[in-house]
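**Q** Read top to bottom, the protein sequences are chains A and L. Note that my numbering numbers the first sequence so that position 314 is 314, with each residue one more than the last. Note that my numbering numbers the second sequence so that position 217 is 1217, with each residue one more than the last.
A couple of the hints might just be wrong.
[Stated by the list, open to error] Residues of chain A placed beyond 12 Å of chain L at every Cβ, according to the derived structure:
| no. | residue |
| --- | --- |
| 1 | R86 |
| 2 | D103 |
| 3 | V153 |
| 4 | D176 |
| 5 | R205 |
| 6 | P249 |
| 7 | T255 |
| 8 | P437 |
| 9 | L590 |
| 10 | S598 |
| 11 | R610 |
[What the hints assert, rightly or not] A few chain L residues that face chain A, going by a derived Cβ cut-off under 10 Å, partial list only:
| no. | residue |
| --- | --- |
| 12 | T1091 |
| 13 | G1206 |
| 14 | L1219 |
| 15 | A1223 |
If you are wondering where the hints come from, they were derived from the structure by calculation, not from laboratory data. On a predicted model such as this, the values are computed, not experimentally measured, just so you know. Quick reminder that beta carbons are idealized off the backbone N, C-alpha and C, glycines included.
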Amino acid sequence: MRRLPQALHVAPPRRAPRAAASARCAALVVLALAAAVACGPEAGDPAAGGPAAGAGPSAPTEAAGLPDVCAAAGIHFRHTHGGSGRKFLFETMGSGVAATDFDGDSRPDLLFLQSGTLPADEFPAEDRQRAQHATGTTAQLYLNEGGLHFRDVTSGSGLEEAYYGMGLAVGDIDADGDRDVYVASYGRDRLYVNDGAAHFEERARLAGIVDDSWTVGGAFVDVDLDGDLDLYSVSYLDMPIASHRFCGPNPDVRTYCHVDQWKGLDDRLWINDGEGRFSDGSLAAGLVGQAGKGLSVVAGDYDDDGDSDLFVANDSEPNALLRNEGGGRFTDVARTSGTDLSGEGRSQACMGSDFGDLDADGDLDIFVTNFENETNTLYRNDGGGYFTDVSMSSGVAAPSLPMLAFGAASLDVENDGDLDLYVANGHIMDNITAFQPASLFAQPDQLMLNDGRGRFRLADPQLGPSLSTPRVGRGLALADLDADGDLDLVVTNSADAPWVMRNDLGVGHRIVLRLGGPEGRADAEGARVSLLAGGRRIMREVRSGGSYLSHSDTALVIGLGEATSIEQLEIRWPGAGTTSLGPLPADILLDVSFGGASVRQEALPPPGRRP
Amino acid sequence: MALATGALCGSGAAGTATPVCWMPPQAAPASSPAGAVSQGSPVAQEARATWDSGQRSAALAQMEEQLAQHPDDLDTRRQVALWQLLLHRPTAALLTTDAQPEPLADLRGRALYALGRYEEALPWLDPTDQGLALARLDALEVLGRDQELADLLTVVESRLGADHAHLLSLRGRLQMRQGHHAEAVPLFERALARDPLDLAACFGLGQSLVRTGQREAGLAQLARHRQLVPLVDALDFAQRGVDLAPQHAPSLAQLSDAERALGLIERAREHAQQAFDLAGPDELVAVTLRLARLQEEDLGAPDLALATLDAGQARQADVRLLVRAGDVLLRAGRPREALKRFETALAQRPEDDALRQRCEAARAAESPP
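Given the sequences, and given the hints that come with them, work out the whole structure.
**A** Here it is, written out as structure tokens:
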């Protein structure tokens, strides 16, 4: 690796050549979008003042982009970390968000975790091991009422509990058709069981999930293919309050200490007995003794053998790629696969991660977000269990160098049939400019647009305020909040309001699939969809975990570009065969029950239009 | 007057232990504008003397002050930017070149490269310049511009020879990225034969071996890579310390330690000896102990170690040096002489039980049962 100077990196100025080049690229993107609208075979007659209704790709009703609709949507959440200068590392880490339906109306709701307000005395008793006494604010739950309007229903939801929250995972642990919530925190883990109407009861200890260490997130996935959701929880550092000490470049400047100051913790695998009770399967899974300083986990079948494998992004330690051997056992193949380190052989400060078929070759690649002066890393799946770091040649590396990146998601933002990348950026040190004058604490997010062959270019920052207005981005979740058939984005910002971005870029045709899980379970985490549309094969998996501290909706929104129909569509169910459908029209939503026993179809609004 | 000499060893590619070095041009640049200070000015000469004495930050400060008074003087600006780079201050160097970027293109390119701003660096990295061409190759690799990299690599190979370790490593990685792992293996092996601490070659070799079915050999190589990374980092860090203060004995001793950990014994000896020669009273004991340890353990020369310890004792009497000398003698099978040292030390520290035990051990060794 190029040993970049750790203390001297300078972020390019706003009008630096790179920014200018980016702007040029982005301008081309806008032109390309405009061309697609104007010149696409389905475009309406411009003379008629707009595209014909229902006739295919059409111009968005407003300037295409990612407008922030947070306040207009009725969301008043504001993150607080409670820091007052003593620089506890956890202050700068959180927190996460879930975007999924909690009350059974099929509309994705939003659950924002809260870090917490530390008491005024800031841990006076050094023997207090965890921030159990965080007070003041709690998570907030917003129910989606349609039309991009949300209602704060935190009070009475059972979620109004104060703790120092980090990340979450969502899954139907008891197969009662609603989604439950696992919360990782600096302190004891929580498991909120849903009654189906977004009322929750905290039952972690009753369910057997007992972990008081610093956990940051997790993924619900059926690792043993027995039909219920198991939980992989990611642990970070063994950092009791008493171990806190001064770190800084000089005695006058205090900063957050580097993670090297503490040992990592073993992740845990909680095996579900089928009734929502869990036992610790970490030893059998081979996780004991790994102590990897994990910050995110994402599940995906990278080796296409029908079960979900796990990628764990570890901070400044080698990553883990846990190949599922069946029966809840895993083998870490990161080293042989080439995913433990960057292509230059270096551990990176891996934060967020995601699986996705980014080069459209039918297998899952891995994307990881990293620290300032490190590239975000794209591991291309070469097949045969091998990956190659293609960060440089794919174009994701260069724009990421000045950024400190957290949330990471692959999504087809334009519905053109390929996966783009969204990255939430923000430094961890609020006083970074005191000793790195050119570095930025608040940073704009980045959208990297895919050319369809796995090469990315930075989108125009003017496409949305999140791409041009610096904030301190952390969590990132995706869901079609306005039911218009494209993925909207939610980014949590440290000590700030979140971005809630309505996606107006999704102008291509698409299909949305909601895949039910076995025996009444809400979702089919790990199901794989392969389709052929317009001569192009597209593969997607129902996501579990991924990004950073956050949970995205499980509904698959698959962009089809200009294709108006789908020749074939195959769903591979986890441990339960396949379902073949087709031909199908584009621009529909399919609700498919597990195994394909029932299929319900409804029309989506025309591309680029909201319902 | 010629500019300061010395190689600029940049960040190097892919963690190589032998980073890309760039020799600054020796010839003076174009003459200074009328009225400006020249490099031969008394101030410049004084700064140069300060630099040569090892007080590099002070020398730089002198020249920066000079530049502030004569901002149009190109020679001074070049000297300041060069020294800033040599002292690992690329941000400052970049700012210094802002006023006259074209005549200082080489330094500007180098600063941007050191800052990781590869795209911006490229226009300033002259491919016909040997050192800058190596940096340019690095930048092209980072930017994923493999075709340009391959083209330039061929040119530079013809210039520097195909057996250049860094070029072999670059070529190997290029082959890897193209999926030609079997072809990459011998390139990495040759690179490592020339530079065993080339981390990129080590990592690439491990990966390529795994991918060509030589799993065990590959894993062994990857394990070696993982062991080397922190050691090479420590070496890099220590080298930077010496760059900042080349006459600072503790920095030289730290560099020696880092080299010793990597098995670079001759270099470690050389730097430990320099540290010993330069050490002040407060630094001498620690530096002496380290040199003696290296001489005894790595060079297998207890007599040399003893001589060092005695010389240190002569410069700065300290009981620790006596005790270590006794230990060396005892291990060398010379218990009588060891006992003498221990007893002398014990006289200075009569309450020291550990010393008493050492005396007993020496006596026992002298008169075995």
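**Q** All hints are to be evaluated individually against the structure, with a verdict given for each.
**A** These are the hints, each one checked on the structure:
1. Residue-level check passed: A:R86 sits 28 Å from the nearest beta carbon of chain L, beyond 12 Å.
2. The Cβ of A:D103 lies farther than 12 Å from every Cβ of chain L, with a closest approach of about 46 Å, so its non-interface assignment holds.
3. For A:V153, the condition that its CB be more than 12 Å from all CB atoms of chain L holds, with the nearest at approximately 47 Å.
4. With 12 Å as the threshold on Cβ separation, the claim that A:D176 sits away from chain L holds: the shortest Cβ distance comes to roughly 46 Å.
5. No beta-carbon of chain L comes within 12 Å of the beta-carbon of A:R205; the shortest separation is about 39 Å.
6. At roughly 15 Å from the closest C-beta of chain L, the C-beta of A:P249 stays outside 12 Å, upholding its exclusion from the interface.
7. Non-interface call for A:T255 relative to chain L: holds, since the shortest CB-CB distance, roughly 18 Å, exceeds 12 Å.
8. Separation of A:P437 from chain L is inadequate, the least Cβ-Cβ distance of about 8 Å not exceeding the 12 Å criterion.
9. The beta carbon of A:L590 sits about 38 Å from the closest Cβ of chain L, which is more than 12 Å, so the claim that it is off the interface holds.
10. Under the 12 Å C-beta cut-off, the non-interface status given to A:S598 relative to chain L holds; the minimum distance is some 45 Å.
11. For A:R610, the requirement that its beta carbon stay farther than 12 Å from each beta carbon of chain L is met, with the minimum near 38 Å.
12. Among the interface hints, the one on L:T1091 holds; its C-beta lies about 5 Å from the nearest C-beta in chain A, closer than the 10 Å criterion.
13. Among the interface hints, the one on L:G1206 holds; its C-beta lies about 8 Å from the nearest C-beta in chain A, closer than the 10 Å criterion.
14. A hinted interface residue such as L:L1219 counts as satisfied when its beta carbon comes closer than 10 Å to some beta carbon of chain A; here the least separation is about 7 Å, so the hint holds.
15. The beta carbon of L:A1223 is positioned within 10 Å of a beta carbon in chain A (closest approach about 9 Å), and the interface hint is therefore held.
Of the numbered hints stated above, the single one contradicted by the structure is hint 8.
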